[in-house]
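Asks: Now for the letters of each chain:
Number of protein chains: 2
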Amino acid sequence: MQLRKNKVNFSKINHIFLSHLHGDHIFGLMGLISTFGLLGRRSALHIHAHEDLKGLFEPHLNYFCSDLPYQIVFHNLTFDGPKIIYEDKKVTVESFPLSHRVPTCGFLFKEKPKQPNVRKEAIHKYQLQVREIVALKEGHPFIGEDGKMVPEEELIIPAPRPASYAFCSDTRYLRRIIPVIEGVDLLYHEATFGHELKDLAKSTSHTTAKQAATIARDANVGKLLLGHFSSRYRDLKPLEEEAKAVFEKTVMVKDNDVFTIER
Amino acid sequence: MQLRKNKVNFSKINHIFLSHLHGDHIFGLMGLISTFGLLGRRSALHIHAHEDLKGLFEPHLNYFCSDLPYQIVFHNLTFDGPKIIYEDKKVTVESFPLSHRVPTCGFLFKEKPKQPNVRKEAIHKYQLQVREIVALKEGHPFIGEDGKMVPEEELIIPAPRPASYAFCSDTRYLRRIIPVIEGVDLLYHEATFGHELKDLAKSTSHTTAKQAATIARDANVGKLLLGHFSSRYRDLKPLEEEAKAVFEKTVMVKDNDVFTIER
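So the protein sequences, as listed, match chains A and B. Read left to right, the first sequence gives residues 1 to 263 (my numbering). Read left to right, the second sequence gives residues 1001 to 1263 (my numbering).
Since the hints were made in silico from the structure, they are not lab data. You may find that some hints are simply not true.
DEER-style ranges, computed between Cβ atoms [what the hints assert, rightly or not]:
{"no.": "1", "chain 1": "B", "residue 1": "1067", "chain 2": "A", "residue 2": "74", "range": "22 to 32 Å"}
{"no.": "2", "chain 1": "A", "residue 1": "7", "chain 2": "B", "residue 2": "1052", "range": "30 to 40 Å"}
{"no.": "3", "chain 1": "B", "residue 1": "1199", "chain 2": "A", "residue 2": "39", "range": "17 to 27 Å"}
With a straight-line Cα cutoff of 20 Å, these simulated EDC-like cross-link-like pairs (lysine to aspartate or glutamate) come out [claimed, not checked]:
{"no.": "4", "chain 1": "A", "residue 1": "254", "chain 2": "A", "residue 2": "58"}
{"no.": "5", "chain 1": "A", "residue 1": "137", "chain 2": "A", "residue 2": "152"}
{"no.": "6", "chain 1": "B", "residue 1": "1005", "chain 2": "A", "residue 2": "132"}
{"no.": "7", "chain 1": "A", "residue 1": "112", "chain 2": "A", "residue 2": "94"}
{"no.": "8", "chain 1": "A", "residue 1": "5", "chain 2": "B", "residue 2": "1262"}
{"no.": "9", "chain 1": "A", "residue 1": "202", "chain 2": "A", "residue 2": "242"}
{"no.": "10", "chain 1": "A", "residue 1": "114", "chain 2": "A", "residue 2": "146"}
{"no.": "11", "chain 1": "B", "residue 1": "1007", "chain 2": "A", "residue 2": "51"}
{"no.": "12", "chain 1": "A", "residue 1": "5", "chain 2": "B", "residue 2": "1185"}
{"no.": "13", "chain 1": "A", "residue 1": "223", "chain 2": "A", "residue 2": "111"}
{"no.": "14", "chain 1": "B", "residue 1": "1254", "chain 2": "B", "residue 2": "1024"}
{"no.": "15", "chain 1": "B", "residue 1": "1114", "chain 2": "B", "residue 2": "1152"}
{"no.": "16", "chain 1": "B", "residue 1": "1005", "chain 2": "A", "residue 2": "24"}
{"no.": "17", "chain 1": "B", "residue 1": "1112", "chain 2": "B", "residue 2": "1235"}
{"no.": "18", "chain 1": "B", "residue 1": "1110", "chain 2": "B", "residue 2": "1121"}
{"no.": "19", "chain 1": "A", "residue 1": "120", "chain 2": "A", "residue 2": "132"}
{"no.": "20", "chain 1": "A", "residue 1": "54", "chain 2": "B", "residue 2": "1058"}
{"no.": "21", "chain 1": "A", "residue 1": "83", "chain 2": "A", "residue 2": "182"}
{"no.": "22", "chain 1": "A", "residue 1": "112", "chain 2": "A", "residue 2": "185"}
{"no.": "23", "chain 1": "B", "residue 1": "1114", "chain 2": "B", "residue 2": "1080"}
{"no.": "24", "chain 1": "A", "residue 1": "7", "chain 2": "B", "residue 2": "1235"}
{"no.": "25", "chain 1": "B", "residue 1": "1114", "chain 2": "B", "residue 2": "1145"}
{"no.": "26", "chain 1": "A", "residue 1": "223", "chain 2": "A", "residue 2": "199"}
{"no.": "27", "chain 1": "B", "residue 1": "1254", "chain 2": "B", "residue 2": "1241"}
{"no.": "28", "chain 1": "A", "residue 1": "112", "chain 2": "A", "residue 2": "182"}
{"no.": "29", "chain 1": "A", "residue 1": "83", "chain 2": "A", "residue 2": "132"}
{"no.": "30", "chain 1": "A", "residue 1": "223", "chain 2": "A", "residue 2": "242"}
{"no.": "31", "chain 1": "A", "residue 1": "5", "chain 2": "B", "residue 2": "1235"}
{"no.": "32", "chain 1": "B", "residue 1": "1054", "chain 2": "A", "residue 2": "58"}
{"no.": "33", "chain 1": "B", "residue 1": "1005", "chain 2": "A", "residue 2": "235"}
Sample of chain A residues at the chain B side, in silico, Cβ under 7 Å [what the hints assert, rightly or not]:
{"no.": "34", "residue": "31"}
{"no.": "35", "residue": "34"}
{"no.": "36", "residue": "57"}
{"no.": "37", "residue": "63"}
{"no.": "38", "residue": "68"}
{"no.": "39", "residue": "245"}
{"no.": "40", "residue": "258"}
Positions of the beta carbon are idealized from the N, C-alpha and C atoms, including for glycine.
Only chain A is shown next, with the shape it has when bound in the complex (with noise of 0.2 Å):
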């Protein structure tokens, strides 16, 4: 319901990656599958997730969707450390472990370095070839007739910085994952408590906003969104207050939000 109301296009999701099997994660799933069905999906739909999922789907899928027009693929996550489990040509996805209650991934999506563009001009005035453009755009020097090296910033039009995003929910305050999401140009974190219930966070592997903050801050990211809070707030600022004192470039994120990259 919320892809339609937001009208994402159905065809352009192939992939789902479900970060750990706790209900208010999942729940949704097979409706998602139903619907894709009824809609007439003939394409794959491949389901990244902990190894328990299929079990636990296929008498639904068996009974519930015995019709369905097109193949479910279930891709068991790992725990063990980050892994890339989905590359194409433009984007690579990898997953990485975090820490709750149940075995938990997130994953970090990142976009392949793209070539840069050969500037119209320069292809006019130095008269380039095919093959002298395609080794421009690799990153190899162009040598003028003149004998010398024509400046860079002459002849190409640097590709956009490739985007990246990371998803980490559900997770206890985990330090470990700076490295890995080092960088990013957006993060999302939980923040499923504020801090002056931190106790409560720590032992039911949750994370307070202000230790979100502090994740984002370490780990240099363009941009914080935070969500999954408890639904005890109804009041959000103060949460959005304690991580901005820390990092503030933070976003509280609503449903059907949606967030571009700037570059």
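Starting from the known structure of chain A, arrange chain B on it as the hints suggest.
Replies: Relative to chain A, chain B alone:
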């Protein structure tokens, strides 16, 4: 989420009646059960459904809701004829078989008749004793000191007529339900298709808007609520018009609509 949006008091929900085990009628159940648990529910929740539900849900309950602070009681529906499946001081709930692609029940919710109130003026005028008041409420006549029967309208305010509601979804056009739902105040009936698709309705065991209106008219119901429309209909006006041509007191329902039975 819909219950919360409508500010429904969750603790007042003790029985859930599931017509049949198709995904669009049950995928929300696990989330509901889990949320009730997170909110600290203590009283048992009774689920009336096809017997397969228990076997399907128990592995998920054990995995995702192992610390549920209340009991789930599964009650198996039967599909061979009308049956009272719930009764308390105020209401009865009766299941009755529908005809769909899997075993399906409709549900008839009936208030029990209430006793009339005895008029305060009459209590004063005739110095009525408790025993006489109880007798009046039970329908006995009252003989005044002059030996004449006092007219009923001078003594009592009749109780409001018991309200009734029938829920019929999903089902093919099924005229044998008419005597079961005869005269209900509100009838919810599915109308998946317009009558231009009556063949598709038949082959998928659904009902057209016109057919549902025919059921409502012939069962002499107070008001017909139509729902469960195929997502192909962006504009429901044609379905509304074909239904109203047969049964004027038809309402097209949307999520979160509330209907009060007027008496």
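Asks: Are the hints correct? Go through all of them and say.
Replies: Against the structure, the hints:
1. 1067/B x 74/A: 22 to 32 Å: About 26 Å separates the Cβ atoms of residue 1067/B and residue 74/A, which means 22 to 32 Å holds.
2. 7/A x 1052/B: 30 to 40 Å: holds (36 Å)
3. 1199/B x 39/A: 17 to 27 Å: holds (23 Å)
4. 254/A x 58/A: Violated - the C-alpha atoms of residue 58/A and residue 254/A are around 32 Å apart, more than 20 Å.
5. 137/A x 152/A: holds (11 Å)
6. 1005/B x 132/A: Roughly 62 Å between the alpha carbons, so the hint for residue 1005/B and residue 132/A is violated.
7. 112/A x 94/A: The given pair, whose Cα atoms are some 13 Å apart, holds under the 20 Å limit.
8. 5/A x 1262/B: violated (35 Å)
9. 202/A x 242/A: holds (18 Å)
10. 114/A x 146/A: With a Cα-Cα distance of about 30 Å, the restraint between residue 114/A and residue 146/A is violated, given a limit of 20 Å.
11. 1007/B x 51/A: Cα-Cα ~38 Å, so violated.
12. 5/A x 1185/B: violated (35 Å)
13. 223/A x 111/A: holds (17 Å)
14. 1254/B x 1024/B: holds (15 Å)
15. 1114/B x 1152/B: Holds: residue 1114/B and residue 1152/B sit about 16 Å apart, inside 20 Å.
16. 1005/B x 24/A: holds (18 Å)
17. 1112/B x 1235/B: Violated, at about 39 Å.
18. 1110/B x 1121/B: violated (32 Å)
19. 120/A x 132/A: Between residue 120/A and residue 132/A the Cα gap is close to 13 Å, so the pair holds against 20 Å.
20. 54/A x 1058/B: holds (16 Å)
21. 83/A x 182/A: holds (16 Å)
22. 112/A x 185/A: holds (14 Å)
23. 1114/B x 1080/B: violated (31 Å)
24. 7/A x 1235/B: Given pair residue 7/A, residue 1235/B holds - Cα atoms ~19 Å apart, limit 20 Å.
25. 1114/B x 1145/B: violated (29 Å)
26. 223/A x 199/A: violated (26 Å)
27. 1254/B x 1241/B: Roughly 17 Å between the alpha carbons, so the hint for residue 1254/B and residue 1241/B holds.
28. 112/A x 182/A: Holds. Residue 112/A to residue 182/A sits at ~16 Å (cutoff 20 Å).
29. 83/A x 132/A: violated (37 Å)
30. 223/A x 242/A: holds (16 Å)
31. 5/A x 1235/B: It holds: about 18 Å lies between the C-alpha atoms, which stays within 20 Å.
32. 1054/B x 58/A: Judged against 20 Å, a Cα distance of about 16 Å means the pair holds.
33. 1005/B x 235/A: holds (18 Å)
34. 31: Holds, because the Cβ-Cβ distance from residue 31/A to chain B comes to roughly 4 Å (cut-off 7 Å).
35. 34: holds (4 Å)
36. 57: Check failed: Cβ of residue 57/A comes no nearer than 9 Å to chain B, outside 7 Å.
37. 63: holds (6 Å)
38. 68: violated (11 Å)
39. 245: violated (30 Å)
40. 258: violated (20 Å)
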